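Start from the sequences, fold in the hints, and give me the full structure.
There are 8 protein chains.
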Amino acid sequence: MTLIEATQLLEAFKRGRVSPQEVLRAFQAAPLAELPFARVDTHRSLRQGFPEVIYGAGKTPPQVAAIAGKILERETCLLVTRVTPEHVKAVRRRQRDAIYHETARCLTVERPALAKRPGKLAVLCAGTSDLPVAEEAAVTADIMGNTVERLFDVGVAGLHRLLNHMDLLQTANVLVVVAGMEGALPSVVAGLVSKPVIAVPTSVGYGASFGGIAALLGMLNSCGSGVTVVNIDNGFGAGYAASQINALAAP
Amino acid sequence: MTLIEATQLLEAFKRGRVSPQEVLRAFQAAPLAELPFARVDTHRSLRQGFPEVIYGAGKTPPQVAAIAGKILERETCLLVTRVTPEHVKAVRRRQRDAIYHETARCLTVERPALAKRPGKLAVLCAGTSDLPVAEEAAVTADIMGNTVERLFDVGVAGLHRLLNHMDLLQTANVLVVVAGMEGALPSVVAGLVSKPVIAVPTSVGYGASFGGIAALLGMLNSCGSGVTVVNIDNGFGAGYAASQINALAAP
Amino acid sequence: MTLIEATQLLEAFKRGRVSPQEVLRAFQAAPLAELPFARVDTHRSLRQGFPEVIYGAGKTPPQVAAIAGKILERETCLLVTRVTPEHVKAVRRRQRDAIYHETARCLTVERPALAKRPGKLAVLCAGTSDLPVAEEAAVTADIMGNTVERLFDVGVAGLHRLLNHMDLLQTANVLVVVAGMEGALPSVVAGLVSKPVIAVPTSVGYGASFGGIAALLGMLNSCGSGVTVVNIDNGFGAGYAASQINALAAP
Amino acid sequence: MTLIEATQLLEAFKRGRVSPQEVLRAFQAAPLAELPFARVDTHRSLRQGFPEVIYGAGKTPPQVAAIAGKILERETCLLVTRVTPEHVKAVRRRQRDAIYHETARCLTVERPALAKRPGKLAVLCAGTSDLPVAEEAAVTADIMGNTVERLFDVGVAGLHRLLNHMDLLQTANVLVVVAGMEGALPSVVAGLVSKPVIAVPTSVGYGASFGGIAALLGMLNSCGSGVTVVNIDNGFGAGYAASQINALAAP
Amino acid sequence: MTLIEATQLLEAFKRGRVSPQEVLRAFQAAPLAELPFARVDTHRSLRQGFPEVIYGAGKTPPQVAAIAGKILERETCLLVTRVTPEHVKAVRRRQRDAIYHETARCLTVERPALAKRPGKLAVLCAGTSDLPVAEEAAVTADIMGNTVERLFDVGVAGLHRLLNHMDLLQTANVLVVVAGMEGALPSVVAGLVSKPVIAVPTSVGYGASFGGIAALLGMLNSCGSGVTVVNIDNGFGAGYAASQINALAAP
Amino acid sequence: MTLIEATQLLEAFKRGRVSPQEVLRAFQAAPLAELPFARVDTHRSLRQGFPEVIYGAGKTPPQVAAIAGKILERETCLLVTRVTPEHVKAVRRRQRDAIYHETARCLTVERPALAKRPGKLAVLCAGTSDLPVAEEAAVTADIMGNTVERLFDVGVAGLHRLLNHMDLLQTANVLVVVAGMEGALPSVVAGLVSKPVIAVPTSVGYGASFGGIAALLGMLNSCGSGVTVVNIDNGFGAGYAASQINALAAP
Amino acid sequence: MTLIEATQLLEAFKRGRVSPQEVLRAFQAAPLAELPFARVDTHRSLRQGFPEVIYGAGKTPPQVAAIAGKILERETCLLVTRVTPEHVKAVRRRQRDAIYHETARCLTVERPALAKRPGKLAVLCAGTSDLPVAEEAAVTADIMGNTVERLFDVGVAGLHRLLNHMDLLQTANVLVVVAGMEGALPSVVAGLVSKPVIAVPTSVGYGASFGGIAALLGMLNSCGSGVTVVNIDNGFGAGYAASQINALAAP
Amino acid sequence: MTLIEATQLLEAFKRGRVSPQEVLRAFQAAPLAELPFARVDTHRSLRQGFPEVIYGAGKTPPQVAAIAGKILERETCLLVTRVTPEHVKAVRRRQRDAIYHETARCLTVERPALAKRPGKLAVLCAGTSDLPVAEEAAVTADIMGNTVERLFDVGVAGLHRLLNHMDLLQTANVLVVVAGMEGALPSVVAGLVSKPVIAVPTSVGYGASFGGIAALLGMLNSCGSGVTVVNIDNGFGAGYAASQINALAAP
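Protein chains in written order, with my numbering: chain A, 1 to 251; chain B, 252 to 502; chain C, 503 to 753; chain D, 754 to 1004; chain E, 1005 to 1255; chain F, 1256 to 1506; chain G, 1507 to 1757; chain H, 1758 to 2008.
Read the hints as simulated data drawn from the structure, not as lab findings. Heads up, a few of these hints could be off.
Stated by the list, open to error - List time: in silico SDA-like cross-link candidates among lysine to any residue, alpha-carbon distance up to 25 Å:
| # | chain 1 | residue 1 | chain 2 | residue 2 |
| --- | --- | --- | --- | --- |
| 1 | C | Lys516 | A | Glu22 |
| 2 | B | Lys265 | H | Glu1768 |
| 3 | B | Lys321 | G | Asn1670 |
| 4 | E | Lys1124 | F | Ala1505 |
| 5 | B | Lys310 | G | Thr1609 |
| 6 | G | Lys1520 | F | Gln1276 |
| 7 | G | Lys1520 | F | Arg1272 |
| 8 | C | Lys561 | B | Thr258 |
Remember, predicted model here, so these are calculated numbers, not experimental data.
Structure follows, in structure tokens:
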């Protein structure tokens, strides 16, 4: 039932053509989403400055290109995560301004690029192998309108590298902290700042890292207060949540 | 090395009594925390309006009472989590104004109670068995200065109970969502709002709930963007992180 | 918004006192459950012959007695699962006709007892230690209006005990099959019948049974087609699902 | 011992050529299945309208083609699951009317197509990645004689998509609900209907989804009554069980 | 159908009172176990020298005493495993000759004691904490008619204790090897003998022994050929299997 | 120290050239294996009719061929497990009489073939996918001198196929029972016989079979007495152990 | 065979009373430990300054007292781990100088106390809940002759507490680092020193700490080079290994 | 702040150009690592005779070659672990003296080769499949300046092979013991020596070895005192830790 149909129904009721029972039944029976029922529509908020997102893994290059084309008919920005070079080629055939973030395995389109929020959002990672996940978080947060500062390769086995950057740590509104292996970095960072820390375990490691379980458990058991955790390798989810948090500081 | 000692050292250097090498070596050798080195002191931020926190589990009543007494010599508010009635009795002997939050298994002292931040922080839970964890989150957020709204017993098997409260969901700055068993509530909530959702798995359930693992995995794999997760039954951690996030909206 | 309020609103609209925009907004804003919105109300179907259910574990005797009393003000039957003798005493103080099913750890009230559906619902179990779970399923199915036939202690290590009862197996509309340890019974039963088999793993066993995981995995991997599985020790869930299935055969 | 042999034996006994002891021993010794012992023959029920089923995974194309040919000598319908395009080519060389269900990874033959049962069997899935499993369930139920209605991409993060289709949900006799990641859809659906819900976890997801374990545990711990579960990715098993259940409603 | 009934049926057939069809149907329909159908009766072999076995855990003392009494009406020997002193008291009230094996947590009755098979059956264990499981195996094997030799506290961290007893190791027909913690003893023993080795993991250990999982996995992965494994703490199962094996050597 | 050297040492001692202390020290210091110390030499028993065994997986074809050649210089029979066609080609270049058991993925050489032990050793499997593991067990037992009877595709979902072969089951000295998925076959078989049953879980299955864990746990928790278990897919180990057991019956 | 018997045998051989074959066979047959074969005797090294150790858990007070008494007949020092106050009482009845280390749950006897090695052995722990394990390590190392320095409550969430003690960290020969929850401390410590670090995970934590698994995995995956790990809560093992290492520095 | 800058600052302070407050603030604000702050610099100790280490896995050949080149500009020795032949080719183009350790999958450069420490460091492994991990440990220890003795293929199923080499075992300062499957070798070795044993589980095995978990758990639960453990397949970590330990014996 569209807004127009609903108005017509009320009009017909006013004119006595339909009973009040019929009106009530119609509203009850109307599929919720066909009502102009914005509250359960997660897409509206996305349209308000947030990009549409495609998860590339498991989709063929033509599929990704087709969905991307359809979204860009009505949206001005787009994020595709977990892309391969083949995905990129297929999308770029039609979207020539698409940018490929190779390390992040992401592809973005912005028409035009949005201005960024004032507050800083920091993305840290422990080792160079964590870069793809950290970059996925950073690219996600960037296209969602945040000023992103990166601080990479600051694992806890060489504390001085991290302590060198206390200024960045303490001036960021929210910190995404990415680490594999034992996943200890978020605990140490949370002890140095008083802002929200989003921990991202990565599948980096071997043997008893069990594809990221060790890091995940480490982060869930963090002795640092204020640490919350996302799924293994979920850079996108961390960037998305961090952006939501940063948006609170600068609505 | 205290501030006074450091100043004396520089004075001695100025007067030629110690060489520049000696000054440098002294600063290098000085234990970091003995420097007036506030940046690595997580306690300062706590003192600025955040309560001191004692984890009661595994401590005897006299131990908890003693630590509480020591903290309250220098602080105006206090939170003790995971307390038993015995803990409460022991603390109240000396702190008569201590409040016992029975369901939350928490004890608080505020001298005087702080004014609350303007924005709302919502705490939801799926079933009545999740109440202790949800209340721990709510009490934590409350004493950290937040206006907390509770919405309990709104599990996904009876959606109408949740959908009845869309207004609360959509006006909160941040939502703590507590659930045991399959832990599906945070996903549903995250689909209805555009604010950060902190998911808390509880150990409620039996059999293949494995003491909360089922709920934990459900939340980590949430299809709802923006969901971050804390440890099983960690109401305190969720309330703490939510307070940090809410503080960004009203600094 | 009650039915009366909704009618009054339409009336006011008809009289021109409220605009169509106001009517639409009111219906959109109305909490869903406050609408006479039966579709998302799981309780209505329960009231149509199905008992109200209380999960007793973790509730105090007075709590269970209070909830039971409240339900029986408006309902004619009641099921409480996972009760202790203390629960039973507390409930019986006010509900003298409450029946205690000791092995099933259940308590029921029926005023008056409902007639049973014609088709048979069979509950089997492998060993005597599985009895509490099997009885929980049987009592649940019984109070939901089914003719329940029990076949206990027919584990696969003594096939002849099972094969002795082919008639029962083949005339039941649906079979609940309860087993601990290796959980092989549902596979064997499913090979002997062409009706739905609901498998219930129990936590019976020791060592590598891991509290029922072995039985659970065995049942999920059953080579017998048509086997579905519920949680470990979840006799109630199996009885409930079996009743829903049996109801299809005799609506 | 065939029926003829058994009759001959009795005849010989009547004529005094064999002792009663010999007759008894013969019956005891006779392999059970060589007796005309239909009760333990799972194939008879299959022949009564149910297709023969081949599990294609791990078999070579020639093997599948050979088994298919052999079955179709005596049967009028056939289902092959988990096929590759190579399997399909090999079968079609001899069975030109074989239909390839690409998304479902199934191949079917019906000679002629059977009339369908009247009641509806619904197959739902949460995301597009769950399609292969959902389609396997749908194709299985279809060839077993059921009227199948599909409702895909109705995950819990966008509730309105699901609530839009309350009519379908509430008119189906039985619902197969397929979901990966956190597997929350069956709980929500079970709260909206009063019919049996068969939950199918899929291996869709990454990180802490552990190849479908998260979804499996979520479903086993479902707070929705009446939910039963099959193995990860087991669309066939769910479709088979749902068909058995639907058959009860329309024998 | 008893033997007598079967004979009467044949008699009636011979006299022409029943048709051959009726005879055949009667034999097919007869519950298998009611036929004098020894092949599927696991109990007959037990009666031929093997004891009846009651698993005491989870049964009340009166229950155990009752079952024991019933068995001893028709049997001459009995084994009860996992008994408590209360079980023992209850049984002994009626069975004064019952022997309590305290370490093994077993109770046995033999009337009269059977002669033992000639070949030796060895039971080894690694540490003193493994004694209850080792003794359960030994008592089981003993009452099943085997000459049992015990070799306890011969863990691999002190090889000389084991190597001191090469004669025993090499003259036993079959060896039950019990170990907790890392469960390495069966591998070492299997390298020293050419006879079957049955490995029994125990739940002895702490931390990462995970209640016997470490020992279980160690034994399943044994590099020693000819090692087979039973469930954690399953001394009875090992003694039973070892007895079956030893019986082959001396039928 | 070789036998010759040991004799020479004693000779020298007798002639007074070395002191008794020197003799004792030499024997103590002598590496055990250099003594003619047959007890710790597992190879001698192998040479007495048992084949030498090479585990092919992870070795290159030339490596396997080289080791095979070296063994056959001094031995008359050989078993290579887990071979690929490439391994076979490489070995056959020099060992033209090597037999390739394709399903078993084994290669054997016997010069000449040994006479078989009288008693029967049965190998059963549940499904056709279990064939490679079952054949590995059968080939191993065969070359170790046993009369092997195969009974394949007798899974518990179609009991009549198994019950058809009671004669074989009850006349075998020892039974190797191979099954994947829920691994229920050994329990059922153990209930039908009174001989040792060696259960072999296979990695056949998908989803919650977890690569054979479900079958492994099922077998370890078997309610059938006398069942022992080997590692997942370890057909060789089962065949080896069964041969050791069968050897006791016919030394 | 004692030394005397061996000498007599050689004498008899020299005199021609026994053949060389008999001598060889006797030495081969002699149980290894009955030879004066010190190499496989782990106890000798213990006697050289290391205490005898009793693991108290699971032993009754009289058992512990008896074993302690027996050891102290021939030894001058003793360590009992995992003791309860009841154990202590029982031992002290006869050993009045026994010292009870309450936090460490240990009991020691030294007659007289040994001088300590010069180099320092450091024991660190992250939180106050880790104290029992840390003290067990410290007490073990102390009685084995090491100068032990304790540094407790230096978890990574408050780095300055750890960095305050760089001097201790860098002057210790070997460091035992005890931590529960996420177990990050060993990684941080290993990055600050160049000496061996032995990490001890504790079962401190809740929820996803899984009784110490999180800490254990964190330590096994430590990004800090030179970290080795012992079992969960195994303070004794860590203290023992650290003492062996420290002994290398000061033999 | 470099050393020069720090000196200049102090000079300026002495001349009265900057206040003592400014000096203090500068030292506090100075990033720790920019101070000449050797204590938190793990690299200095590496430079003192220890090689720089590159983990090759997951890096491209050009990346490894580039990092190697950069390190060798300032260092005289280099270790690259987990290399492929492609990595080796790429590095050797510029570093012609690079040595490829094929089994160890390592590449080393030494200019010139360092003299070795006097004490022996032993590396043992159980089977030939463990060789790559054992060699990685040996190559690591070798380039770190240790005299390494290898003892391979001495698994516990053939004890005589191990006991043959008691001399080596008892003269080594520290032993790295590598084993897959059940991982029993370290326990046996620890019982034969009184020196530190570092256990390395390998992923060698199949089925219930779970990629090395069985060996890892076996080693963590070792009944041999003094055993510490590293991650699965972590030959490098074991060699590194062993070298640190051996360095204590010969500083």
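Hint check results:
1. Proximity of Lys516/C to Glu22/A is assessed by CA-CA distance (about 14 Å); at most 25 Å being required, the pair is judged to hold.
2. Of the supplied pair hints, the one linking Lys265/B and Glu1768/H holds, its CA atoms being roughly 9 Å apart against a limit of 25 Å.
3. Restraint check for Lys321/B and Asn1670/G: satisfied, since their Cα atoms lie roughly 23 Å apart, inside the 25 Å limit.
4. Taken as a hint, the Lys1124/E and Ala1505/F pair is honoured in the structure, with Cα atoms around 17 Å apart against an allowance of 25 Å.
5. About 13 Å separates the Cα atoms of Lys310/B and Thr1609/G, which keeps this hinted pair within 25 Å; it holds.
6. A threshold of 25 Å between alpha carbons decides the hint, and for Lys1520/G with Gln1276/F the separation of about 14 Å falls inside it, so the pair holds.
7. At most 25 Å may separate the alpha-carbon atoms for a hinted pair to count; Lys1520/G and Arg1272/F meet this at roughly 12 Å.
8. For the suggested pair Lys561/C and Thr258/B, the alpha carbons sit about 64 Å apart, so the restraint of at most 25 Å is broken.
Of the numbered hints stated above, the single one contradicted by the structure is hint 8.
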